[in-house]
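Going down the list, the sequences are from chains L and H. The working numbering puts the first residue of the first sequence at 16, with every later residue one more than the last. The working numbering puts the first residue of the second sequence at 16, with every later residue one more than the last.
Simulated from the structure, these hints should not be mistaken for laboratory data. Keep in mind that the hints are not guaranteed to be accurate.
The list treats identical chains as interchangeable, and a pair is accepted whether it falls inside one copy or across any two copies.
Mimicking DSSO-like on lysine-lysine, the simulated pairs with C-alpha atoms at most 30 angstroms apart in a straight line are [stated by the list, open to error]: (1) Lys181 with Lys57; (2) Lys218 with Lys66; (3) Lys183 with Lys57; (4) Lys165 with Lys273; (5) Lys298 with Lys165; (6) Lys39 with Lys57; (7) Lys218 with Lys156; (8) Lys39 with Lys66; (9) Lys181 with Lys156.
Protein chains: 2
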Amino acid sequence: MFYIIGLGLCDERDITLRGLEAVKGSSRVYLEAYTSILMIQKERLEAFYGKELIVADRDMVETESDEILRNADKEDVSLLVVGDPYGATTHTDIVLRARSLNIPTRIIHNASIMNAVGACGLQLYNFGQTVSLVFFTETWKPDSFYDRIKENADLGMHTLVLLDIKVKEQSEENLARGRKIYEPPRYMSITQAVSQLTEVEEKRQSGTLAPDSTLAIALSRVGGGPEERIVAGTLTELLAAPPETYGEPLHSLVIVGKRLHHLEVEYAESFALNRETWKDVAKRVYGCALD
Amino acid sequence: MFYIIGLGLCDERDITLRGLEAVKGSSRVYLEAYTSILMIQKERLEAFYGKELIVADRDMVETESDEILRNADKEDVSLLVVGDPYGATTHTDIVLRARSLNIPTRIIHNASIMNAVGACGLQLYNFGQTVSLVFFTETWKPDSFYDRIKENADLGMHTLVLLDIKVKEQSEENLARGRKIYEPPRYMSITQAVSQLTEVEEKRQSGTLAPDSTLAIALSRVGGGPEERIVAGTLTELLAAPPETYGEPLHSLVIVGKRLHHLEVEYAESFALNRETWKDVAKRVYGCALD
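Generate coordinates for the entire structure from the input sequences, incorporating the hints supplied.
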């Protein structure tokens, strides 16, 4: 059996009992590399499982899937991923490959940012499509995400914005010389994300992301653990807050849609940088009936 | 501490280790009633935890929250819910109440239908808002869900349709006589859901849910367990399939949006009632470039 096992969002104790059983019974256990550079440390997982883990970066999962799947028709093999196997990064390719090799596959689900984002107090069923925001460079500022946010906003829906992660990047020199030396990983911060959003708003001017009248909620290390931070405010307020407000990566951002319920406002109020502007904008701009 | 703990989707082994620790350390453990009538049996959970569970129906969670929260500032109390605490049914009220009583709250996340729906092969980030479909009666056929599906469809997005559950319903006679006798629980089936969708399409005629050219995916007991069923086809095909095709409740339905990727088609093809029509409609109506 080939297992793809979601690890959840915080630490080694977020695996399910079903997942842990599969890990313990597997002859090889792969850990998708995004995992090991995040909250969940490889060594900590290994100590917890009493088992060696083989690190598999995205490349390996995509191009060396036959090695990962080797003998999985005769013995159990597991691939561990942060969040849920069908989270932001999907594992369609390797499942299709397993199928074509007649290897039975089982998915062990867990929480991912796609549902744990509910922790910010906004109703999940009012979220529209999810958007990814990549690091802008001097010369490359792809802004199609803006159209997606606008599509959601025009219908009154919230948008979850996933922020870019750069791992295994090579400097131009190392790339040119074919040296497999990688830069340290980079994670987009809330401050950088909001700065990019407002930069595009300035160009587009549709008002979708008007800095003083768009509410947003920043999430860091969401998952119910002690490092979770949730911070709400206008885009202007989020941009002005000191970076340490948001804690350690990963960060995600939610753009609040106009179909906002007063209970959502009330729930998120405790996360607000400034409760007065939070309620004021919710009333005045979003039309929420608050006391 | 007051814990709200997601149980995941299948059985008692889908709780996380973090969740299990909290249950074991709690002096009172409540089980939200939706749970006990579904896949996860109360008695089975009690045996597994070695602990008695107090069943709390939705009414109790909403109106007797102070009893549930009693002493949670001095000892640990847990509320168990199917899926994730921020799934389709949210727990905003009781968290706000805990806050106002200065009781610290911790959420223990898990998979819910909102992210496990990825198992059908469609990308989660291409889903729009989620829609609920209630049982039609002779005289009451609320159809605003249709506008929501159309909003998503017009943007090319997929729609997750959550199907109605009726628990603790009283017959008109029992209600009139004030007898607390409840009818057996009812769960909307895929067949009934598709029949309601096409009934509204016939009235509205926008083509959003055209029976022969709209693709949909039915999910039953999703969560990676042995009872999971995923079935794909046109609305016409899903309606014509024998009810047993879909297995036991709960059922959910996904309406496939036009922003469909060929990998999504390929992945879901193995769930198709008829692979030929599945691929044909994907190509012809959805414009997917397939081999």
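Going down the list of hints, with the structure as the test:
For a Cα distance limit of 30 angstroms, the shortest separation of Lys181 from Lys57 inside one copy, 19 angstroms, qualifies, whereas the shortest one across copies, 45 angstroms, does not. Taking identical chains as interchangeable, the C-alpha atoms of Lys218 and Lys66 are never at most 30 angstroms apart, the minima being 53 angstroms within one chain and 60 angstroms between chains. In this assembly of identical chains, the alpha carbons of Lys183 and Lys57 lie at most 30 angstroms apart only when taken from the same copy (17 angstroms versus 48 angstroms across copies). Taking the closest pair of Cα atoms, Lys165 and Lys273 come within 30 angstroms of each other both inside a single copy (12 angstroms) and across two copies (18 angstroms).
Taking identical chains as interchangeable, the C-alpha atoms of Lys298 and Lys165 lie at most 30 angstroms apart whether they share a chain (21 angstroms) or sit on different chains (28 angstroms). In this homomeric assembly, Lys39 and Lys57 come within 30 angstroms of each other (Cα to Cα) both inside a single copy, at 16 angstroms, and across copies, at 27 angstroms. When the C-alpha separation of Lys218 and Lys156 is checked against a cutoff of 30 angstroms, the pair qualifies only within one copy, where the shortest distance is 12 angstroms, while the shortest distance between copies is 46 angstroms. Proximity of Lys39 and Lys66 under a CA criterion of 30 angstroms is satisfied in both settings, with 8 angstroms inside one chain copy and 26 angstroms between copies.
In this assembly of identical chains, the alpha carbons of Lys181 and Lys156 lie at most 30 angstroms apart only when taken from the same copy (16 angstroms versus 50 angstroms across copies).
The structure is inconsistent with hint 2 alone, although it conforms to all the rest.
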